[in-house]
Amino acid sequence: TKSKPKDKTKVTIPDELKQSKILYVEDVAYNQFLMENYFEEWGISLQIASSGKEAIQLAKEQDFDLIFMDIQMPEMDGFETTKAIKSLSKKWGKVPIIALTALATNSAIENFFDFGMEDYLIKPVKQEEILKKLNIYLQVSGTTPTDKKTSPPKEKDPFAADFTQLETNYNFNQKRILKALNLLKTEFKKYHEAFASALETYDQELFRATLHKIKPHLLTLSLEAVLGKLKEGKKALDMGQDGLTTLNFINEYFPKLDKKIKQKLTAMVEKGEE
Numbered sequence: 032t033k034s035k036p037k038d039k040t041k042v043t044i045p046d047e048l049k050q051s052k053i054l055y056v057e058d059v060a061y062n063q064f065l066m067e068n069y070f071e072e073w074g075i076s077l078q079i080a081s082s083g084k085e086a087i088q089l090a091k092e093q094d095f096d097l098i099f100m101d102i103q104m105p106e107m108d109g110f111e112t113t114k115a116i117k118s119l120s121k122k123w124g125k126v127p128i129i130a131l132t133a134l135a136t137n138s139a140i141e142n143f144f145d146f147g148m149e150d151y152l153i154k155p156v157k158q159e160e161i162l163k164k165l166n167i168y169l170q171v172s173g174t175t176p177t178d179k180k181t182s183p184p185k186e187k188d189p190f191a192a193d194f195t196q197l198e199t200n201y202n203f204n205q206k207r208i209l210k211a212l213n214l215l216k217t218e219f220k221k222y223h224e225a226f227a228s229a230l231e232t233y234d235q236e237l238f239r240a241t242l243h244k245i246k247p248h249l250l251t252l253s254l255e256a257v258l259g260k261l262k263e264g265k266k267a268l269d270m271g272q273d274g275l276t277t278l279n280f281i282n283e284y285f286p287k288l289d290k291k292i293k294q295k296l297t298a299m300v301e302k303g304e305e
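Here the sequence shown is numbered in the working numbering, starting from 32 and rising by one per residue.
Please keep in mind that the hints were generated in silico from the structure rather than gathered at the bench.
Please note: incorrect hints may appear among the correct ones.
The calculated SDA-like cross-link candidates involving lysine to any residue, where the alpha carbons are at most 20 Å apart (straight line), are [claimed, not checked]: (1) 117 <-> 157; (2) 164 <-> 97; (3) 117 <-> 134; (4) 287 <-> 255.
Now the in silico label distances, taken between C-beta atoms and shown as ranges [as the list claims (entries may be wrong)]: (5) 189 <-> 120: 45 to 51 Å; (6) 204 <-> 124: 34 to 40 Å; (7) 204 <-> 49: 35 to 41 Å.
A virtual CB, placed ideally from N, CA and C, is assigned to each residue, including glycine.
Construct the entire structure; sequences and hints are all you get.
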């Protein structure tokens with residue numbers, strides 16, 4: 032039998048906010064799709080740049096009211112991109128840029144402001160947090176989602192993926208959830224390969240960068256325990272150890288996670304929820 036439809040989160044977007052134009056700078060496809068989903072639901076114009084260089088080019092060609100900037104990107108990171116955009120003109124110097132990061136240490140926060148960013152959000156970012164920043168920096172109101180009742184937490188296997196938050200992120204739109212799951216499936220395969228390569232070659236930088244990117248995805252699926260295991264691998268590399276325990280873990284765990292996502296996809300299709 033089909034599952035009962037769940038109540039959608041209701042959001043009222045003021046007309047003045049719908050007239051805004053936002054730029055999102057992000058290199059991970061899943062994160063791009065999630066943000067596109069939010070802004071499409073809200074009826075707000077969103078342009079995506081997949082790299083720092085692309086963002087700078089768009090800034091030269093178009094006007095934007097606010098920029099959400101990922102920090103960890105290849106070739107040109109969010110800090111360099113922000114500095115370059117802010118220096119384009121006096122007008123761009125006044126456009127608010129909000130950092131999106133999976134890790135906000137005191138030193139990182141200082142860097143956000145040193146490079147000209149106005150604020151930051153911690154990944155995984157929820158829609159109410161994004162709307163709050165839009166409200167603050169574009170000076171509009173009435174953009175807070177209404178609260179919805181949540182069921183009390185249930186005890187579960189800490190290594191078992193929980194898709195509740197992901198479904199909430201996409202407002203229980205089955206077509207979008209299917210696409211999101213397929214994107215995550217692809218991303219996790221890349222992360223598995225990157226972690227394995229980093230551990231086999233003692234590449235601390237690759238491991239650190241991959242850990243940074245996977246963190247919001249794991250938290251979305253309530254996989255804090257997996258994140259903890261990966262942090263143990265980072266610690267081992269930092270101490271000059273081989274990280275064999277972590278390598279064995281990821282080679283065993285990621286295929287299981289891939290299977291779990293496949294099962295979720297199959298179940299949704301069989302129930303006619305695509």
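Structure-based check of each hint:
1. 117 <-> 157: violated (26 Å)
2. 164 <-> 97: Between residue 164 and residue 97 the Cα gap is close to 10 Å, so the pair holds against 20 Å.
3. 117 <-> 134: violated (23 Å)
4. 287 <-> 255: Status holds; Cα separation ~16 Å.
5. 189 <-> 120: 45 to 51 Å: holds (50 Å)
6. 204 <-> 124: 34 to 40 Å: Given a distance of about 38 Å, which is inside 34 to 40 Å, the answer is holds.
7. 204 <-> 49: 35 to 41 Å: At roughly 20 Å between Cβ atoms, residue 49 and residue 204 fall outside 35 to 41 Å, so the hint is violated.
Of the numbered hints stated above, those contradicted by the structure are hints 1, 3, 7, listed in ascending order.
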